[in-house]
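Line order of the protein sequences matches chains A, B and C. The first sequence finishes on residue 270 if you use numbering that gives the first Met the number 0, and the numbering steps up by one all the way, no holes. The second sequence finishes on residue 468 if you use numbering that gives the first Met the number 0, and the numbering steps up by one all the way, no holes. The third sequence finishes on residue 221 if you use numbering that gives the first Met the number 0, and the numbering steps up by one all the way, no holes.
Read the hints as simulated data drawn from the structure, not as lab findings. Remember, it's a predicted structure, so these values are computed and weren't measured experimentally. Incorrect hints may appear among the rest.
What the hints assert, rightly or not - Residues on chain A that point at chain B, a partial pick, calculated with CB under 8 Å:
| no. | residue |
| --- | --- |
| 1 | 22 |
| 2 | 199 |
| 3 | 256 |
As the list claims (entries may be wrong) - Cut-off 25 Å, straight-line C-alpha distance, at most; resulting in silico cross-link-like pairs (DSS-like, lysine-lysine):
| no. | chain 1 | residue 1 | chain 2 | residue 2 |
| --- | --- | --- | --- | --- |
| 4 | B | 408 | A | 64 |
| 5 | C | 118 | B | 230 |
| 6 | B | 462 | A | 35 |
| 7 | B | 34 | A | 157 |
| 8 | B | 394 | A | 64 |
| 9 | C | 212 | C | 89 |
| 10 | B | 462 | A | 71 |
| 11 | A | 112 | A | 71 |
| 12 | B | 408 | A | 112 |
| 13 | A | 35 | B | 468 |
| 14 | B | 345 | A | 191 |
| 15 | B | 191 | C | 212 |
| 16 | B | 34 | C | 203 |
| 17 | C | 203 | B | 22 |
| 18 | C | 27 | B | 47 |
| 19 | C | 118 | B | 191 |
| 20 | C | 203 | B | 169 |
| 21 | A | 191 | B | 389 |
| 22 | A | 236 | B | 431 |
| 23 | A | 133 | A | 166 |
| 24 | B | 34 | C | 56 |
| 25 | B | 76 | C | 27 |
Stated by the list, open to error - From chain B, some residues computed to sit far from chain A (all C-beta separations above 12 Å):
| no. | residue |
| --- | --- |
| 26 | 1 |
| 27 | 37 |
| 28 | 77 |
| 29 | 86 |
| 30 | 102 |
| 31 | 126 |
| 32 | 127 |
| 33 | 159 |
| 34 | 167 |
| 35 | 171 |
| 36 | 176 |
| 37 | 177 |
| 38 | 178 |
| 39 | 183 |
| 40 | 192 |
Heads up, the beta-carbon is just placed ideally off N, CA and C, and yes, glycines get one too.
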Amino acid sequence: MSLNTPSSGGSRHQVGLFVTCLVDIFRPSIGFATIKLLEQAGCYVEVPEAQTCCGQPTFNSGDRKSTQDIAKNVINAFDGYQYVVGPSGSCIGMLHHYPDLFESDDPYHSRAKELASRAYEITSFLIDVLEFDKIIAQYEGIITYHDSCAGLRELGVKQQPRKLLGKVNNLQIDEMEEAETCCGFGGTFCIKYPDISNRMVSNKNVNAGATNADTLLGGDLGCLLNMAGKLKREGSKLEVRHVVEVLANMTYEPAIGEANLQPNFDLAKEA
Amino acid sequence: MQINSPKFKESSRIALEDANLQKALGNLRDGFPVKRANAVDRMPEFDKLRDEGRDLKDHIIANLDFYLEQFETNVTKNGGHVHWARDSDDANKAILEICRKSGAKTVTKGKSMVSEEINLNDYLEENGIQPVETDLGEYILQLRKDHPSHIIAPAIHLNLDDVSDIFHEKHGRPRTDDPAELMQEAREMLRKQFVAADVGITGANFCVAETGSTIIVTNEGNGDLTQTLPKVHVVITTIDKIVPTLEDMSLFLRLLARSATGQEFTVYNTLSTGPRREDDVDGPEEYHVVLLDNGRSEMIGTQFQEMLRCIRCSACMNHCPVYGSVGGHAYGWVYPGPMGSVLTPKLIGIDKAGHLPNASTFCGKCESVCPVRIPLPKMMRHWREREFEKHLSPKGFRFGICAWAFFAKRPALYRWLARASSLTLKLIGGKKNRIRSLPLKNGWTLWRDLPAPQGRTFMDQWKKQQSSK
Amino acid sequence: MSTSRDQIFGNIRLGLKRGPLEGEALEKVKHRLAYHPSSTTPARSDLPQEQQVELFKSMATEAAAELIELDSSSQLPQAVAGFAKKESLKQLVSATADELMQLDWSETGDCKLLHREGKPGDIASLTGSFAGIAETGTLMLLSGPQSPTTLNFLADIHMVLLHESSIVGPYEAAWQKLREQGDSMPRTVNMITGPSRSADIEQKLQMGAHGPKRLVIFLAKD
Ligand code: SF4
Numbered sequence: 000m001s002l003n004t005p006s007s008g009g010s011r012h013q014v015g016l017f018v019t020c021l022v023d024i025f026r027p028s029i030g031f032a033t034i035k036l037l038e039q040a041g042c043y044v045e046v047p048e049a050q051t052c053c054g055q056p057t058f059n060s061g062d063r064k065s066t067q068d069i070a071k072n073v074i075n076a077f078d079g080y081q082y083v084v085g086p087s088g089s090c091i092g093m094l095h096h097y098p099d100l101f102e103s104d105d106p107y108h109s110r111a112k113e114l115a116s117r118a119y120e121i122t123s124f125l126i127d128v129l130e131f132d133k134i135i136a137q138y139e140g141i142i143t144y145h146d147s148c149a150g151l152r153e154l155g156v157k158q159q160p161r162k163l164l165g166k167v168n169n170l171q172i173d174e175m176e177e178a179e180t181c182c183g184f185g186g187t188f189c190i191k192y193p194d195i196s197n198r199m200v201s202n203k204n205v206n207a208g209a210t211n212a213d214t215l216l217g218g219d220l221g222c223l224l225n226m227a228g229k230l231k232r233e234g235s236k237l238e239v240r241h242v243v244e245v246l247a248n249m250t251y252e253p254a255i256g257e258a259n260l261q262p263n264f265d266l267a268k269e270a
Numbered sequence: 000m001q002i003n004s005p006k007f008k009e010s011s012r013i014a015l016e017d018a019n020l021q022k023a024l025g026n027l028r029d030g031f032p033v034k035r036a037n038a039v040d041r042m043p044e045f046d047k048l049r050d051e052g053r054d055l056k057d058h059i060i061a062n063l064d065f066y067l068e069q070f071e072t073n074v075t076k077n078g079g080h081v082h083w084a085r086d087s088d089d090a091n092k093a094i095l096e097i098c099r100k101s102g103a104k105t106v107t108k109g110k111s112m113v114s115e116e117i118n119l120n121d122y123l124e125e126n127g128i129q130p131v132e133t134d135l136g137e138y139i140l141q142l143r144k145d146h147p148s149h150i151i152a153p154a155i156h157l158n159l160d161d162v163s164d165i166f167h168e169k170h171g172r173p174r175t176d177d178p179a180e181l182m183q184e185a186r187e188m189l190r191k192q193f194v195a196a197d198v199g200i201t202g203a204n205f206c207v208a209e210t211g212s213t214i215i216v217t218n219e220g221n222g223d224l225t226q227t228l229p230k231v232h233v234v235i236t237t238i239d240k241i242v243p244t245l246e247d248m249s250l251f252l253r254l255l256a257r258s259a260t261g262q263e264f265t266v267y268n269t270l271s272t273g274p275r276r277e278d279d280v281d282g283p284e285e286y287h288v289v290l291l292d293n294g295r296s297e298m299i300g301t302q303f304q305e306m307l308r309c310i311r312c313s314a315c316m317n318h319c320p321v322y323g324s325v326g327g328h329a330y331g332w333v334y335p336g337p338m339g340s341v342l343t344p345k346l347i348g349i350d351k352a353g354h355l356p357n358a359s360t361f362c363g364k365c366e367s368v369c370p371v372r373i374p375l376p377k378m379m380r381h382w383r384e385r386e387f388e389k390h391l392s393p394k395g396f397r398f399g400i401c402a403w404a405f406f407a408k409r410p411a412l413y414r415w416l417a418r419a420s421s422l423t424l425k426l427i428g429g430k431k432n433r434i435r436s437l438p439l440k441n442g443w444t445l446w447r448d449l450p451a452p453q454g455r456t457f458m459d460q461w462k463k464q465q466s467s468k
Numbered sequence: 000m001s002t003s004r005d006q007i008f009g010n011i012r013l014g015l016k017r018g019p020l021e022g023e024a025l026e027k028v029k030h031r032l033a034y035h036p037s038s039t040t041p042a043r044s045d046l047p048q049e050q051q052v053e054l055f056k057s058m059a060t061e062a063a064a065e066l067i068e069l070d071s072s073s074q075l076p077q078a079v080a081g082f083a084k085k086e087s088l089k090q091l092v093s094a095t096a097d098e099l100m101q102l103d104w105s106e107t108g109d110c111k112l113l114h115r116e117g118k119p120g121d122i123a124s125l126t127g128s129f130a131g132i133a134e135t136g137t138l139m140l141l142s143g144p145q146s147p148t149t150l151n152f153l154a155d156i157h158m159v160l161l162h163e164s165s166i167v168g169p170y171e172a173a174w175q176k177l178r179e180q181g182d183s184m185p186r187t188v189n190m191i192t193g194p195s196r197s198a199d200i201e202q203k204l205q206m207g208a209h210g211p212k213r214l215v216i217f218l219a220k221d
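Chain A extracted, bound-state conformation (with noise of 0.2 Å):
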């Protein structure tokens, strides 16, 4: 049934990575970033090529049955993984709801179960699981945090991006009021009730805009999108950055939404 075939990866830890379909098409870098990670916690990093996406559009529109098949297919892509790690909260979270989605009599249900059990949000993994934070990087600047909902909600993602970028050289934290309300983005949901999702947004930068962090750090590409785009739309200087880049001292990429002077198609080789 499996599609793959993981590597051994000998006594280190062998890592199936979730790309998630965001980082896919908008920002490969996190996925890089991600990686380097994971290698410098001493792991083994594959990237299962039959993933697409984790389901949540299909799953939060009501279309159970395209949800169970897209299930299926990440069940298999990832079949075998000692853990299946991505830099997503909700994406991982969408995993652990796999379950949900079977009768308990269907073999995808304890498949799922068991998918659900090596799947981990990238910070939560290094932390909870790895007990990793020689975090090597340096960043200059004042960043404050966004939590996005399903990582915090679902999966109880707070202390652990906090205790690793604590260890980044000279990066300092400012707290932002209401940094667990919710930013607006919700999936479809921006683009079904866009001014509801313009107020929450809006409101979100406020509070962003209020610390004396001249960057934004978060955990979730679509709410990092939502919340770029919102502050460039307005000619605001703030700039937004996955977390992960931070940790991965890979932050020479312009920021979410930032003009691109110079296309880097190669980045990947530094990585």
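Starting from the known structure of chain A, arrange chains B and C with the ligand on it as the hints suggest.
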């Protein structure tokens, strides 16, 4: 209450542009959540109580028929009357009949969302009986011919000025914008009504099976005057309010006060059991409980059963960023916020309330504060599933989702789509690296830019890197 | 109305996929009802009695009740007279509970003492109480011929006599005390925590809505 839920989108747009409403909603966001958090901090057992509250509610629902029978028996034993009402019509008729029998001209009312649900005020008025709301918030709304926008703070959408204006207009006294004076005015005006009323109608926060008692929880004391002074006390409530014992009720009272207003305890928790006793010198001569179902019994055994655990504390809406943005009226019916987004489709139909379970980011804040741990996002998703099955979702949206699913199930095609999308968007993004507008008045670019992709997809770059190793 | 009743019960049982409870299942719920188990009671009120009294005082004060401490309930008439004088009360409507009637009310100065139920326009009322609940500084009052409920709500100032010995820890202990009384439930049980209030105007708390604007507890050490 008239159903305006189908107009959710339009209503929310209006709400977002209403500066007064936005100011009022600001008070909500800064108030309730902070107070709740402080109260919860003072009670180390709170999360344990939530677990127990959830389990107890599940036990009650699993034995609901038994507890309802016990309640009925004990109400009757204490000289009260129970009226069973399948729907609004049943309930309204039962109440009207009680009022008619006692020759009532005016009735005072404590705050009751169930009475809003059945449209009781309009029904009584049409039948020549004048209902008088006595909760300060409800009183203000009645003067304005307005409706509650919140289940425990009904006038939360109004500002001080609105209250000053309407009191000045209706009371014929000099205008004041001192909240204390306004409250004194309402107190004086309503005193007369309390005494004049022939029937007092209240809701119930809980019905205690072992004693046949109903309890109301208020801070103002209006509910107590409503149920003590008139000859007849009518309780309008629903079958899901049953608790077995006084001890069980105590658990929910602890959860309710803290989750609702962040108080240690609400000022007045009042149990009523039957009519006045033989030698009593005050209290009503008759005590009636109208037990409404209105579709609740049909939720048992379905994906929506857990919603019957709700104790109407309002924590979910107080913490909801969508409610906090548009307020309660946008939801278009009696129950707003997350609990309404689950309950309303059941009560008025998903065809009318379809927007409500969709207007959520599934941020999960509601579930994280619900005192009886109702998985509200999960149940909103169940409604979306029903809509999808019944082809009720908008066509374009459905098409988009199906197209996405088509690709997501086929990795090779999906790779191609990802590659095409990232390069196209990158191209449109140009030097600025972001996109200011997309075709078809796209919801995203209406209010924000779309950051452009970096270029080639991750998968392509990774493959290239692997093969050159 | 029996058809509505039948339909509601029918629906419930349909959803629960069973008929009326019987056998062991029925015995189980009956037992639970008779045994009325408590849920977790907060540790905060799990204290020796003197400390419960202290907790009651601090919680009641926090809820904006006023406390006047007495060495014995026999000092109540004097204390009430003093309070009446300070507040220039001309009239006080009192319950006829035994614990109040046994006291010597001959010296209340200018303040006239009436014994009746509460009426609109009353400025001050005086009642006894059944229990004090330390957990939240809550008074429990029972209705009866000698303690009409209207006295608890219509006056601007509600004065209450509470014996320290009547103070219990959590709500459950008060229910236990009520059960031990043996009689059936009174028509009304009032749990009162501080004076009346409302935050319905702009979410700002205002004291004195429809119930008493002040709650004065005379706490007697007995
Ligand atoms: S759903 Fe939960 S949080 Fe919302 S009102 Fe009901 S009990 Fe309270």
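For each hint, the structure was consulted:
1. 22: Holds - the Cβ of residue 22 of chain A comes within 8 Å of chain B, reaching about 6 Å at its closest.
2. 199: holds, 5 Å
3. 256: holds, 3 Å
4. B:408 <-> A:64: holds, 11 Å
5. C:118 <-> B:230: Given pair residue 118 of chain C, residue 230 of chain B holds - Cα atoms ~15 Å apart, limit 25 Å.
6. B:462 <-> A:35: Holds: residue 462 of chain B and residue 35 of chain A sit about 16 Å apart, inside 25 Å.
7. B:34 <-> A:157: holds, 22 Å
8. B:394 <-> A:64: holds, 18 Å
9. C:212 <-> C:89: Holds. Residue 212 of chain C to residue 89 of chain C sits at ~17 Å (cutoff 25 Å).
10. B:462 <-> A:71: Within the cut-off at roughly 24 Å; holds.
11. A:112 <-> A:71: Holds, because 12 Å separates the two Cα atoms, which is no more than 25 Å.
12. B:408 <-> A:112: holds, 21 Å
13. A:35 <-> B:468: Answer holds: residue 35 of chain A to residue 468 of chain B is near 16 Å, not above 25 Å.
14. B:345 <-> A:191: holds, 22 Å
15. B:191 <-> C:212: holds, 18 Å
16. B:34 <-> C:203: holds, 13 Å
17. C:203 <-> B:22: Distance ~14 Å between residue 203 of chain C and residue 22 of chain B Cα, so the pair holds.
18. C:27 <-> B:47: holds, 24 Å
19. C:118 <-> B:191: holds, 11 Å
20. C:203 <-> B:169: holds, 23 Å
21. A:191 <-> B:389: holds, 19 Å
22. A:236 <-> B:431: Holds. Residue 236 of chain A to residue 431 of chain B sits at ~14 Å (cutoff 25 Å).
23. A:133 <-> A:166: Holds, at about 7 Å.
24. B:34 <-> C:56: Holds. Residue 34 of chain B to residue 56 of chain C sits at ~22 Å (cutoff 25 Å).
25. B:76 <-> C:27: holds, 23 Å
26. 1: holds, 22 Å
27. 37: Per Cβ check, residue 37 of chain B is outside 12 Å of chain A; nearest 16 Å; holds.
28. 77: Non-interface label stands for residue 77 of chain B: nearest chain A Cβ at 45 Å, farther than 12 Å.
29. 86: holds, 28 Å
30. 102: holds, 50 Å
31. 126: holds, 40 Å
32. 127: Holds, because the least Cβ-Cβ distance between residue 127 of chain B and chain A comes to about 43 Å, which exceeds 12 Å.
33. 159: holds, 23 Å
34. 167: holds, 33 Å
35. 171: holds, 39 Å
36. 176: About 28 Å separates residue 176 of chain B from the closest Cβ of chain A, which puts it past 12 Å; holds.
37. 177: holds, 31 Å
38. 178: Its Cβ never comes within 12 Å of chain A, the nearest being 27 Å, so this holds.
39. 183: holds, 36 Å
40. 192: Residue 192 of chain B clear of chain A: closest Cβ-Cβ about 40 Å, beyond 12 Å.
When the structure is compared with the earlier hints, no violation turns up for any of them.
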